[in-house]
Amino acid sequence: MKRTFPLGIVLVTGLLGVVPFFVPHPIVQQADDIIRNKLLRIISMFALILGLGSLIRHNIEKIRRKNEHWPYSYILFGSLVITAIIGVGGGIDGAGRLPTVVGGFRFDIQTLYANIVVPLGGTMFALLAFFMSSAAYRAFRVHTLTAALLLISAFVVMLGMVPLGDFLGLRFSEIGQWILTVPNTASKRGIMIGVALGVIATSLKIILGVERKWLGGER
Amino acid sequence: MKWLEVFLTIDRRIIFAVVGFVLVLPIIFPFGFRTPVTPPTQKLYDAVEAIPARDKALTISVDYAPQTEPELHPMTIALLRHAFSRRKYVLILALYVQGLGLAEDALRTVVGEFNERATSPADSILYGRDYVFLGWQPPPVIPILGMGTSIRGVFPRDYYGNETDTLAMMKEIDSYSDMDLLVSISGGTPPVWYVAYAQSRFGIKVGAGITAVSVADFFPYLETGQFSGMLAGIKGAAEYEELVARNLGLEDRRKAMEGMSSQAAAHIAIMAFVILGNIGYFAKRKRRP
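Protein chains in written order, with the working numbering: chain A, 1 to 219; chain B, 1001 to 1289.
The following block holds chain B by itself, in its conformation from the complex (with noise of 0.2 Å):
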């Protein structure tokens, strides 16, 4: 059938057009799936859970750049409202410069759903008490390594300029030994850094949150045991996000849960057209072998 070979020849406008069609339209009439949560998932999420609050630290490492915002930004801000929400001692830090700002929303925002929500100081979350910004040290060895000495040796001083040793929580927390978990978000192999330099000469505990197509690359460090657990693209985030509403009862904005609907209708926009490819290929190969 040479009509069929037609699907061989499809403009790449077209493309384009169908894809930005089905992106947006599932924006604005979401589907609403629940997300089932997969093992990496609720493996961190228990790795969370288990820290000891008010004892030993989760330490978030914002190792990402506005490029992967919308994918690996909603992994950061379920994690700190699982752990404020359990009451741990956050730390949060970043390697690369373009994470101090994204890092600091993330904060802002939490911070922000959980003080509108306070009724007193106790129940507030405060910064020096709860949660200590770090901010940025360059190059990427410095605080991987350092960190397992003294953090305040890597830094006296934290993002916003106050003397580290001077914040209430820093004189409890100083090095790896009492961090009970070091999660690295990030688009790149910043995880794996805190694995091979971290890990193996301190034995932190480390977690990932990492992008969809990265995800075949980490496998490996999770079934070794390497990472106590995964967040995998938007879908880990929806399903963390799941976990903290559903236990938590927290109901705040689901960022990754929205973005979830977009990326089922692109899935199957690629898939629609890659089959429509091979009917036309086979359509062409059949009239001429």
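Only chain A is shown next, with the shape it has when bound in the complex (with noise of 0.2 Å):
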């Protein structure tokens, strides 16, 4: 049972997915509306409390156990809670019952968001130019022919990429462009087809118990 009835859910709820791009009868059509409005969004609420309180208990674990970087769990349920209570309590742009102005300054949830979330979240990612630059250097060595290939199509895509090789007359951009629409979409589409066959062809297996591996072990 412990094994069937997990399995009869798979095969149900995946071929429920499937058959309403295929089956236009209406009363296909209203039952996969009602799964999609009304019980995928019951479901979803309770992945999000899930993963609330699955965070919390990591966390609280963490500062119990006093693991690496366990005074960064603090400042977690710091902004957990004080996000919580502005975002309930002021709404959107401070027009809730909790004030969110004290004289000039505006503490809002989109006030924080675009001042505190935003850069801070571009910082991190901008970081990236650096390594990628530092990786470049390193790894980007003319051994063989496709290297030296490799090389110059990531060169000239590069500088397509920019307005200095159009500013220089010399046509990158429309190079650029070919690289990508040509030799690129061949090679993508093949890996693409590959994927999609193999992507289908592991769904079927798991929709008809064949492959049963993501119900863990045997006990």
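Hints in this document: simulated from the structure, not taken from any laboratory. All C-beta atoms in this analysis are idealised placements derived from N, C-alpha and C, irrespective of residue type, glycine included. Keep in mind that a hint or two might mislead.
Said to hold, decoys possible - Label pairs and their in silico Cβ distance ranges: (1) A/Val101 <-> B/Gly1128: 45 to 51 Å; (2) B/Val1097 <-> A/Ile75: 18 to 24 Å; (3) B/Glu1172 <-> A/Phe5: 23 to 29 Å; (4) A/Gly104 <-> B/Ala1053: 37 to 43 Å; (5) B/Ala1053 <-> A/Arg97: 19 to 25 Å.
What the hints assert, rightly or not - Pairs of lysine-lysine residues, derived as DSSO-like cross-links and limited to a Cα-Cα distance of at most 27 Å, are as follows: (6) A/Lys205 <-> A/Lys2; (7) A/Lys188 <-> B/Lys1056; (8) A/Lys38 <-> B/Lys1043; (9) B/Lys1056 <-> B/Lys1043.
Stated by the list, open to error - Away from chain B, derived, C-beta distances all over 10 Å, residues of chain A: (10) Arg65; (11) Trp70; (12) Leu164.
Relying on the hints, combine the two individually framed chains into one complex.
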């Protein structure tokens, strides 16, 4: 029963996910509508609660055991509580019951997001430019003919992605477009078709119960 | 020449310092190159132009997070400027919760620009009449598939808590059949989800705004016509800004164009380091075959 029941759920829900794409009958479409708009929403809300609970439990455990970087868990709890109170009580732009302006200082959820989360996120991602530069310098060596071809293509596409190539009258933009449109698309298409066939085969194996590794061990 | 081998061991702190310098300098002293418009950008611009005004809607799905904001946010802003100046209906939503604040920011920026110039309610951009912010509804498959049958069913309330069916615009727009184009702006795969689930089943035209690193992955969709147009990285955003400024006469701030100078300088710096590394490599190989 422990194995048959989950396999039955996967079979039914898997088929219900596929069938509405091929059967336009109103009964099938209505059933699909109920599954998507009601059932799936309820399940996703549970997933959100589960995720939040898991995050809290993990960080409580981290503090209790004094694992590496445990003081940051206090920052997480502080941020979580403060943003939740401001978000729920203050509304999107301070229109809620909780006052979110003191003097000229605003701290509504949109102001916090735009002035803390956005710059922090942008800064983290910007570091990539530095690491990519260092990695490119170390990795791009013309050992072979294929490495040389890769390097030349990369340079042309890089110059095509900035206006400098065209400014110098070298039409890198057009050549870069051609590389992306013709050789890149040809190879990507082959890979994508292969991946899609693999995904279909694996999905069918899971739906039909042939592939059962996702169920876990034999216990 | 043994001295050339020094290029093989450039300290990474030097690389970081040079890249930092070339990124910051053009922000202070921009080069101001003009960007030629590439076909994928032109296609998206034409697709937005072709939307019947006050009849069908342009939907913008803000599917990016703050990490990719500098590259993708100018696309949302440029699209909004284009749509509002042509008086198209605009629907905006987010598949990820992080997109909500960014969508709100883009709307405030562009609506503020238009309403500052407006002289009467008729030429203002008004919420509910000209645009609606639907908000966020997890998981992504719910809005992607659900909007095929009823937007009001998926989003009974908008981002600001209004009942969706009380908004004037939403009396005319209730499913993909009332939209002419949906543009997903994302640092990941949401544009492909819209193709796989919404376009294949409901026939909606899909456009994409994507980061430069993922350009190669998305070109096949453009070539097959599954994407009606595509903005590729900050260059795509700068090209769209150029089209909007040139054709519509809007001279508002162009953040992507400002970023192009930094990107150009960084690309040249990276290429210079790669060339230097290879000079060192060949010098060493020549000495010790």
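Results of checking the hints against the structure:
1. Look at A/Val101 against B/Gly1128: about 26 Å separates their beta carbons, and that is not inside 45 to 51 Å.
2. Distance hint check: the CB atoms of B/Val1097 and A/Ile75 are about 20 Å apart, consistent with the given range 18 to 24 Å.
3. Checked against the given bound of 23 to 29 Å, the beta carbons of B/Glu1172 and A/Phe5, roughly 47 Å apart, lie outside it.
4. For A/Gly104 and B/Ala1053, the hinted distance range of 37 to 43 Å is satisfied, since their beta carbons lie about 40 Å from each other.
5. Checking the proposed 19 to 25 Å range against B/Ala1053 and A/Arg97 shows it is violated: the Cβ atoms sit about 40 Å from each other.
6. For a cut-off of 27 Å, the pair hint linking A/Lys205 to A/Lys2 stands: about 19 Å separates their Cα positions.
7. Straight-line distance between C-alpha atoms of A/Lys188 and B/Lys1056 comes to about 34 Å, which puts the hinted pair past the 27 Å bound.
8. With a CA separation close to 37 Å, the supplied pair A/Lys38 and B/Lys1043 exceeds the 27 Å bound.
9. Proposed proximity of B/Lys1056 and B/Lys1043 is supported: the alpha carbons are some 18 Å apart, at most 27 Å.
10. Look at A/Arg65: its CB is around 30 Å from the nearest CB on chain B, clear of 10 Å, so calling it non-interface holds up.
11. Taking the minimum C-beta to C-beta distance to chain B, about 26 Å, the non-interface status of A/Trp70 holds against the 10 Å cut.
12. With a least beta-carbon separation of about 5 Å from chain B, A/Leu164 fails to lie farther than 10 Å from that chain, contradicting its non-interface assignment.
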